[in-house]
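Engineer: Chains as they are written, first to last, in my numbering: chain X, 1 to 316; chain C, 1 to 180.
If you are wondering where the hints come from, they were derived from the structure by calculation, not from laboratory data. Hints should not be assumed to be uniformly reliable.
[Said to hold, decoys possible] Calculated lysine-lysine pairs in the DSSO-like style (CA-CA distance at most 27 angstroms, straight line):
1. X:K39 x C:K157
2. C:K157 x C:K107
3. X:K48 x C:K107
4. C:K16 x X:K20
5. X:K39 x X:K10
6. X:K20 x C:K118
7. X:K20 x C:K157
[As the list claims (entries may be wrong)] Listing some non-contacts, in silico: residues in chain X with all C-beta distances to chain C over 12 angstroms:
8. R9
9. R16
10. E27
11. I70
12. I74
13. D90
14. Y95
15. L108
16. K119
17. L129
18. I153
All values derive from a computational prediction rather than experimental measurement. A virtual CB, placed ideally from N, CA and C, is assigned to each residue, including glycine.
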Amino acid sequence: MSDEAELYRKAYEREREARKAAEQIVENHTRELYLQNQKLEESLKQLKEQQRVLVQNEKLAMLGTLAAGIAHEINNPMAFVHANLESLSDYLEPYQKLVALQREALTLPPEQQEAAAAKIAKHMADADLEFFEEELPELMEDTRDGLQRVREIVANLRSFARTHTQERHPEDIVAGLQSTLKLLNSQFRTEVVLQQDLQPLPLVHCNISELNQVFLNLLVNAGHAVEGRKGATISIATAVAKDKVIIKIGDNGIGMSEEVKEQIFVPFFTTKPVGKGTGMGMSIAYGIIVDHGGEIEVESTEGEGTTFTITLPIDG
Amino acid sequence: MKGVVFNILEDMVTEKGGLMMWQKVIDKAGVDGGYTAVSTYNDDELFAIVGAVVEELELPAQTVISAFGTYMFGQLASRYPVFVDSCDDLFSFLESIDSVIHLEVRKLMTETNLPSIKCERIGDEQLVMDYRSPRRLCVLAEGLIYGAAEHYKTPIKIEHPVCMHKGSDYCDMRVSVTHE
């Protein structure tokens with residue numbers, strides 16, 4: 001072989017070996033990447049499951065704090081439903097007697113009619129039946145209303161407590177806010193003024209259970225912030241802005257310092273005493289909003305109040 | 001077809017007839033001729049090159065392909081010894097093709113057209129391989145099996161009663177251990 005050809009041959013051999021080495025490296029890397037990817041996918045699956053458990057636990061913890069209030073909510077209507085039914089049963093016997101007297105009167109000959117009529121009139125006066133007759137429609141109406149209220153509270157509770165799927169649908173956020181408010185009726189003592197400015201919103205692609213959880217969290221916190229304040233006010237407002245909806249929940253309560261404001265969304269951070277609150281509510285709320293492609297911001301002045309502004313894309 | 005198969009074919013051709021022969025063959029086949037082991041190329045290119053080799057060597061296609069199969073086993077074994085080392089004998093190696101080797105290939109490459117290979121043992125000395133592939137390279141498979149048999153020092157004979165080239169949609173290859 002000529003010298004030049006020999007040079008080329010040697011070069012060729014070197015290149016081949018180098019190329020083979022490179023190919024080996026590529027294959028090793030590919031295998032490593034594959035294994036890494038497997039591990040990451042496994043981790044992701046675990047994390048998603050843990051997140052689901054966390055969110056559900058937080059929800060149930062929140063329900064725990066509401067339980068006393070909700071029991072009160074249910075107890076109130078049940079009290080007057082009970083009282084009304086007691087009244088009704090009190091009047092049952094006199095009414096039955098009235099019907100009996102009238103039936104009897106119908107069988108009497110004409111000359112005994114007048115006496116029978118007097119007897120009926122006396123019975124009605126004695127048993128105060130006329131008064132009761134006036135009261136009866138209202139009594140029934142109140143009872144019906146009371147039971148309806150209880151049904152609604154129970155329905156809201158069940159809907160809130162249910163383990164929800166992670167699916168998203170076009171939903172009415174204002175309806176969600178209103179049903180959440182119903183759960184909280186008793187939490188806000190009568191001294192708390194609820195200012196609502198709920199502009200109608202287009203249907204938003206979202207998981208309404210998750211959003212309700214966020215609203216509930218913010219409203220409960222607002223309730224705590226205004227506790228004991230004179231002129232306590234909690235405000236809720238909704239608005240549309242181009243392709244987004246805006247929900248503002250504010251209060252004129254104790255507010256937050258700069259340091260607290262910075263940490264509010266950090267998991268396990270809480271300003272409540274030990275044993276009260278999981279510290280996860282706000283970080284879960286943050287996660288839910290960000291997951292929906294939205295934003296949640298807080299403005300607060302110590303001693304004056306706090307406002308949370310949630311922005312959500314309409315199309316999710 | 002994975003590039004490594006082309007590389008091995010090139011090795012075999014250059015071993016037999018030097019760089020000159022490989023150049024002739026790729027010119028005749030009308031292909032580029034440069035292949036990276038980790039890449040994937042058109043099956044047709046391989047067939048074109050094999051066709052050109054058959055013409056050059058003036059040998060029957062079956063002979064060339066079978067010889068290539070045997071040669072290829074040796075090369076693959078030296079490039080990826082782990083697959084051969086983890087099996088103690090020929091039959092367990094053949095059984096590992098689908099469950100181990102091809103599994104690894106699928107991990108590393110997304111678009112692979114690997115043949116379906118299912119093995120069934122009949123007694124200690126016989127194994128039937130069910131081979132299915134749109135490329136119908138059963139002759140190559142036979143060559144590989146002979147190559148493996150050489151490696152495991154197990155003399156065998158292969159009977160090929162059912163074949164895709166004879167109109168069936170799968171091949172049955174009966175591998176029997178012989179005693180000379």
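Engineer: Decide, hint by hint, whether the structure agrees.
Structural biologist: For each hint, the structure was consulted:
no.: 1; hint: X:K39 x C:K157; verdict: violated (44 angstroms)
no.: 2; hint: C:K157 x C:K107; verdict: violated (33 angstroms)
no.: 3; hint: X:K48 x C:K107; verdict: holds (25 angstroms)
no.: 4; hint: C:K16 x X:K20; verdict: holds (21 angstroms)
no.: 5; hint: X:K39 x X:K10; verdict: violated (44 angstroms)
no.: 6; hint: X:K20 x C:K118; verdict: violated (31 angstroms)
no.: 7; hint: X:K20 x C:K157; verdict: violated (34 angstroms)
no.: 8; hint: R9; verdict: violated (8 angstroms)
no.: 9; hint: R16; verdict: violated (9 angstroms)
no.: 10; hint: E27; verdict: violated (6 angstroms)
no.: 11; hint: I70; verdict: holds (55 angstroms)
no.: 12; hint: I74; verdict: holds (59 angstroms)
no.: 13; hint: D90; verdict: holds (82 angstroms)
no.: 14; hint: Y95; verdict: holds (84 angstroms)
no.: 15; hint: L108; verdict: holds (101 angstroms)
no.: 16; hint: K119; verdict: holds (99 angstroms)
no.: 17; hint: L129; verdict: holds (88 angstroms)
no.: 18; hint: I153; verdict: holds (55 angstroms)
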